[in-house]
Amino acid sequence: MTYAATVTQKGQVTIPAQIRRRLNVRPYQKVNFVEKEDTFYIEPHRDFLSLKGSIKSKIKYSDFMADKKVLKYIANEYKKENTR
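Residues in the sequence shown are numbered from 1 upward in steps of one, following our numbering.
Worth flagging that the hints you see were computed from the coordinates, not collected in a lab. All C-beta atoms, glycine included, are put in the ideal place defined by N, C-alpha and C. Among the hints, erroneous ones may be present.
[As the list claims (entries may be wrong)] Pairs of lysine-lysine, BS3-like flavour, derived with a Cα cap of 25 Å:
1. K80 <-> K58
2. K10 <-> K30
3. K79 <-> K52
4. K79 <-> K69
5. K72 <-> K56
6. K68 <-> K56
7. K68 <-> K79
8. K56 <-> K69
9. K80 <-> K69
10. K30 <-> K52
11. K68 <-> K52
12. K60 <-> K72
[Claimed, not checked] Per label pair, the in silico range of CB-to-CB distance:
13. E43 <-> N82: 36 to 42 Å
14. Y41 <-> A17: 14 to 20 Å
15. I42 <-> K72: 34 to 40 Å
Work the whole structure out from these sequences, hints included.
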């Protein structure tokens, strides 16, 4: 199916309601425009926090433990960059 929309002077486009419903896009939600070869696709933007729980782990991390792991990783990367 093909849908048409008009580009305003500001470069804005209203996504047709049928597409918004199908993509489950809500007001003020961001969308991504993905280029593949000569075609652009639109998809809902997924922020980092929306991925929470999408990967199963046997280890349960508290926020504190996760922050500690991230800081350790960043510190190690910093050391690598500054010892060359």
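Practice prompt. For the pair supplied as a hint, K72 and K56, confirm whether the alpha-carbon distance does not exceed 25 Å.
Written response: holds, 22 Å
Discussion item. Next pair to validate is K68 with K56; report whether the Cα-Cα distance is within 25 Å.
Written reply: The hint holds at about 20 Å.
Worksheet entry | Outcome for the supplied range 36 to 42 Å, where the beta carbon pair is E43 and N82 | Since the Cβ atoms of E43 and N82 sit about 39 Å apart, the hinted range of 36 to 42 Å holds.
Worksheet item: Does the alpha-carbon distance linking K80 and K58 stay inside the 25 Å limit?
Response: violated, 30 Å
Worksheet item: CA of K68 to CA of K79, is that 25 Å or under?
Response: holds, 16 Å
Fill in: Distance restraint between K79 and K69, which requires alpha-carbon spacing of 25 Å or less
holds, 15 Å
Item to complete: Evaluate the given range 34 to 40 Å for the C-beta pair formed by I42 and K72.
Response: The hint (34 to 40 Å, Cβ to Cβ) holds, given that I42 and K72 are roughly 38 Å apart.
Fill in: Restraint check for K30 with K52, where alpha carbons must lie at most 25 Å apart
Holds, at about 18 Å.
Fill in: Restraint check for K80 with K69, where alpha carbons must lie at most 25 Å apart
Since the Cα atoms of K80 and K69 sit roughly 17 Å apart, the hinted pair holds (cutoff 25 Å).
Discussion item. Hinted pair, alpha-carbon criterion (25 Å max): K60, K72. Please report holds or violated.
Written reply: It holds: about 18 Å lies between the C-alpha atoms, which stays within 25 Å.
Worksheet item: Keeping to a limit of 25 Å between CA atoms, is the pair of K79 and K52 held or broken?
Response: Distance ~29 Å between K79 and K52 Cα, so the pair is violated.
Discussion item. Does K30 sit within 25 Å of K10, going by the straight-line distance between their CA atoms?
Written reply: Judged against 25 Å, a Cα distance of about 17 Å means the pair holds.
Violated hints, listed in ascending order, are 1, 3; each of the other numbered hints is respected by the structure.
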